[in-house]
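Participant: Position chain B against the provided structure of chain A, taking the given hints into account.
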Amino acid sequence: MRIALAGNPNSGKTTLFNSITGKQEHVGNWAGVTVDKKQGNIRRIYNPSGERITVIDLPGAYSASPYTSEETITKDFILNEKPDVIINIVDSSNLSRSLFFTTQLLEMKIPVVIALNKADILEKKGNEIDLRELSHMLNCPVIKTSAVKSSSNGLKELIDAAHKAAANGAEDKVAQKTDRDEAISDEDRFQHVKQIVAKVEKRKKTSDRQTIQDKADRIVASRWLGIPIFAGVIFLVFSLSQAWLGPWLADMLVGLIDSLYVLAERLMAGNVSPVLQSILLDGIIGGVGAVVGFLPLIMVLFFFLALLEDCGYMARVAMLMDRYFKKVGLSGKSIIPMVVGTGCAVPGIMATRTIKSIRQRRTTAMLAPFMPCGAKLPIIALFAGVFFGENGWIGTIMYFLGIAIIVVGAVIIRKITGDNSTSYFIIELPEYRWPSIKRAFLSMLSRAKAFIVKAGTVILVCNVIVQMLQTFTLDLQIAQNTSDSILAIISSPAAVLLVPLGFGMWQFAAAAITGLIAKENVVGTLAVVFSISNFINTDDLALVGDAAAVQSVLGIGSVAALSYLVFNLFTPPCVAAIAAMRTELESNKWFMGAIAFQLAMGYVLSFFVYQLGTLFTTGTFGDGFIWGLAAVSVIFGYIAFLMFKRKRQDAYLPRKAEV
Amino acid sequence: MPLSEVKLNQTYTVDKIDIERDDMKKFLFSLGVYPGERITIISKLSSNYIINIKDARYSIDKDLAKAIHV
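Chains as they are written, first to last, in this note's numbering: chain A, 1 to 659; chain B, 1 to 70.
So that you can see chain A by itself, here it is in the shape it has in the complex (with noise of 0.2 Å):
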C-alpha cells in the first residue's frame, strides 16, 4: 500500500513523514524546505498487522494547478502513480486557505484522510475546529494530529483511518464520481470553504490584528538593524562551532584518535612492512583522522543551523535580502539555497527548485556552492588556526565573502545573459516559535553520521590513494623523496600554474586536487603529504596547537595561507554538488559556462588575495606576478567580450518581459 502526503508548504508534512517512517529528513520553518518526493515505509508501531505500507512524502503545494517546479513533482505523482491512499495535512491554524488545495484533492478520485494537523499550536491559541462537522462537510475522515509530538499525537489513529480508507477505496470512488461531476470554479471552490470554515471554526482572535511577532518583524527586518541582526547570527553560529564549543569537543576526540595510532603503531611494530605500516598509520588512521577530527566543529555548526531553520528567521531573511539581491537580478528567495548550502551544497542547490524565474534559478545553483558549506569548515579551521589567532572572524568573512561573490556574479550573469527581467516577491512568513533542541540533535546526528561514513569510504581511499602515489616512484621503486613520487609528478604541472596565486607547491595541488572530489580531502591529503599527524593538539586546549610548528611544515606564509583557502573555497565545489548543478541548471551550456566561471572565480580572487597582500606586508609583488597578471587579464577580457557581446545584440532585440 502506498500512502501519498500532501498539503500546503510547511504544514508540517515531512515532520509527519519523519515521525511515521522514522527517517531524518531535512525540516525546516519555512515554505518549500522539501523539493523532491522521500520514500519511507511505515514504522512497525504504526502498522501492528506487518503489511508492507509505503510512505511519500510530496513537496509542498498550494493548489494543484503548480506554479514552481517542485510543485509540479506533487501534481505528477498523485496523477500520474496513483497512490492508494493520500493524507492531506493540513495546517489547522489555516484552514480557510489550506481546504482550497483539499476541495481539489477530494476530486482526484483517490481516497483522502486529513490530518488536521499543528493541533498543539491550536489547543495554545485557543481556537476551535469541529471535527464531526469538518469530516461530514468534506465526506472524508479528518484526525487531529501534531507531528512534533512522540505520544497522544493522533498518528496512530491517523495510519489507521488512512489504511481504512484505502480499502474501502473502489466503492468510494464511484460515490465520489456521482457527487460531483461537473467542473466547479475556483471561485466557488474558495466559497464553499469559506462556508465550511465559518460552521466549523471558532476563533479566539482574527488573524489580521498585531502581534508581538509583527514586532519581531518590524525589527529583524529593518532598514537598519536587518543586516547587523543577520550578520550578527552568522557569526555567532561561526564562532560556536570553529572557536568556542566545536574546538573544546574537537579536542577530546582528537585524543581518542591519538591512541588510536599509538595503538595501532604498537601492534604493528616489527610485524608489518615499514610501507604497509606508513599506508596504514599515515594514509588511514593520520589522513582520515585529521579530518574526523574537525567533525565535532562541522556537528556544532549543524545543530546551530537546524535551529537557525526550525525558528522561522529563514523566511525573514528572505525578505530582508530581497531589497539587495533585487538590484542584481535576484530575489530574496535566492538567500535560501545559500543558507541551506552553508550546511551542505546539494541540498543548497536543489533548493533553488522554489525559484520560479529560470534565469534567477540557474543563476543561484551556480553561485550557491560560493557558501562555505559544512566540508569546508575544516579548511577553514584549519588555515584559521594556524596562521590566523581568531577563528570565528575569518569564518564569518569567508561567508559574506561568499555572499559578495555571489552578488558580483549575478550582475556578472545577468549582463551575459542580458535578461534584465524582475519579478515579484512573495514569501510566507511562518510564526516563529522556540527551535527544538531535540529535533535539531537528531538533525545533527544523522548528518554526522552521514560525514563519518564519508570519511570512512570516499575519504579513506583517497587517503589511501594519496599515501600509496605518494610512497611509489613512476618505476614503482620506494621513492627516497617524495618529490620523485607519482604524486609530486602528476601534481607539479597543476602546480607551476598555481605559482602566481603563492602556493605553486606540488602538495596544495594535490590536496586542491583531491578537494574536488570531497572538499574535507584537502586538509586530509595536507596532512599526508606532510606527514602531520593531527592538526588539533591536544595537550592545551587549542584547535591547532603548535601552530608555529605546523606553519614551518606547510612552508608559506600567512598571506599565502589565506589566498590558499580562498582558492579552495571558490573553486568549483566537490563532484556530488557539480553533478546536483548538472541536474537543476538543464542546460549543457550553463554547466560548463558554471565550471569555468567558478575556476576563473578562484583564481583571480587568490591572485588578488597574494599578489594585493603581498604587496601590503613585503612592498613588492609575489612570485609568478606577471604571468598570473597576463591569465586573469585574460580571464577578465573573455568575460567583458561576453557581457558586452550580449549587449550589442540586445540592441536589436526587443526586451523580454518575463515575471
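Derived by calculation from the structure, the hints in this document are not laboratory data.
Any given hint might turn out to be false.
Claimed, not checked - Under the rule of at most 27 Å between Cα atoms (straight-line distance), these lysine-lysine pairs were calculated in the DSS-like manner:
#, chain 1, residue 1, chain 2, residue 2
1, A, 438, B, 26
2, B, 66, B, 26
3, B, 44, A, 326
4, B, 44, A, 125
Claimed, not checked - Cβ-Cβ distance ranges computed for the label pairs, FRET-style:
#, chain 1, residue 1, chain 2, residue 2, range
5, A, 82, B, 13, 36 to 42 Å
6, B, 13, A, 205, 17 to 23 Å
7, A, 634, B, 47, 46 to 52 Å
Even for Gly, the Cβ is constructed at its ideal location relative to N, Cα and C.
Facilitator: Quick look at chain B alone, frame taken from chain A:
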C-alpha cells in the same frame, strides 16, 4: 487604489490584480488574493510589505503591492 498606498492595519477588499502573467495570478489566487477577498497590511519595512491574507502572513515587494488594487 494600489495596495502600496493604503493605510496600515485596515482591512481592504481586493478590487483587481494588475498582472499580465497568468501563472502569477493563479498563484496569488491559490493564496486567496483575488477580487472580493480581504487583505490587510500589517507593516511596511523599507521596500517590503507584510500582508495578511486569510490566516497567513506574507512578505511582498513594492512591485507586487503596486499591482494589487483595493
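Participant: Would you mind marking each hint as holding or not holding in the structure?
Facilitator: Okay, the hints, checked on the actual structure:
A hinted pair counts as satisfied when its Cα atoms are at most 27 Å apart, and residue 438/A with residue 26/B does not qualify at roughly 39 Å. Note on residue 66/B and residue 26/B: the hinted pairing holds, with a Cα-Cα distance of about 17 Å set against a maximum of 27 Å. A threshold of 27 Å between alpha carbons decides the hint, and for residue 44/B with residue 326/A the separation of about 17 Å falls inside it, so the pair holds. With a C-alpha separation of about 26 Å, the suggested pairing of residue 44/B with residue 125/A holds against the 27 Å cut-off.
Taking the beta carbon of each, residue 82/A and residue 13/B are about 41 Å apart, inside 36 to 42 Å as hinted. Distance hint check for residue 13/B and residue 205/A: the Cβ-Cβ separation is about 21 Å, which falls inside the suggested range of 17 to 23 Å. Separated by about 40 Å at the C-beta atoms, residue 634/A and residue 47/B break the suggested range of 46 to 52 Å.
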